[in-house]
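Visitor: Mind docking chain C on chain E? Use the hints.
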Amino acid sequence: KQEVTQIPAALSVPEGENLVLNCSFTDSAIYNLQWFRQDPGKGLTSLLLIQSSQREQTSGRLNASLDKSSGRSTLYIAASQPGDSATYLCAVSSQGDDYKLSFGAGTTVTVRA
Amino acid sequence: GAGVSQSPSNKVTEKGKDVELRCDPISGHTALYWYRQSLGQGLEFLIYFQGNSAPDKSGLPSDRFSAERTGGSVSTLTIQRTQQEDSAVYLCASSQGTSGGPSYEQYFGPGTRLTVT
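Residue numbers (the working numbering), protein chains in the order written: chain E, 1 to 113; chain C, 1 to 117.
These are calculated hints, taken from the structure and not from any lab test.
You may find that some hints are simply not true.
[Stated by the list, open to error] If you only want the chain E side, here are some residues facing chain C, beta carbon under 10 Å, derived:
hint: 1; residue: V4
hint: 2; residue: F36
hint: 3; residue: G43
hint: 4; residue: S93
hint: 5; residue: Y99
hint: 6; residue: L101
hint: 7; residue: S102
hint: 8; residue: F103
hint: 9; residue: G104
Every value quoted in this text rests on a predicted model; they were computed, and no experiment measured them.
For every residue, glycine included, the Cβ atom is placed at its ideal position computed from N, Cα and C.
So that you can see chain E by itself, here it is in the shape it has in the complex (with noise of 0.2 Å):
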């Protein structure tokens, strides 16, 4: 069974700080890797997903990585601003069941001004 693990499980920097979250997996037999933001009381907002073929993958000020072999991912969050504040959640699909998510308990993220 997968099991994926965020460290830190809360994280707070001031603004303007680069933000570094981590994503460990147990099986790297995966079908790809996302990672989620979700606001308080809300749902999950995709951000980024990486093809298990794929090292990175990069959307504005976020970029996010991915080594299979070691089963890591790493997403970077670039000169933070309160607006980041949320919780980060990275999910892993697994080869032959590469629909079903499983999920990390997530980084909380706060971000003072």
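Guide: Just chain C now, with coordinates in the frame of chain E:
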């Protein structure tokens, strides 16, 4: 275009009653998913529909839970004889669903918060 919509946004019910939760996927998306988010459990997969294929129900926690998808679009998740441990946020997602690459990118609705008293 419109995203995934879910109704109701909040539902409070008494233990033992049945509830129905509705999901409207993004138009044109053939795949639909239900997840549950509860304190201490994180996000759990419940069920997956893809076109006219038999659904993957492997994540349903008990036979009190069922789901159907009519006409390949709207889906209803039904919980019979609700228990307090069913209290959670139920999230629906959809994707284009065809095989290969980013077509499995899942887009989530706002969720239904279910409270069983």
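Visitor: Please go over all the hints and tell whether each is borne out by the structure.
Guide: Checked hints:
no.	hint	result
1	V4	holds, 9 Å
2	F36	holds, 7 Å
3	G43	holds, 4 Å
4	S93	holds, 7 Å
5	Y99	holds, 6 Å
6	L101	holds, 6 Å
7	S102	holds, 8 Å
8	F103	holds, 4 Å
9	G104	holds, 8 Å
This entry satisfies every hint, going by the numbered hints stated previously.
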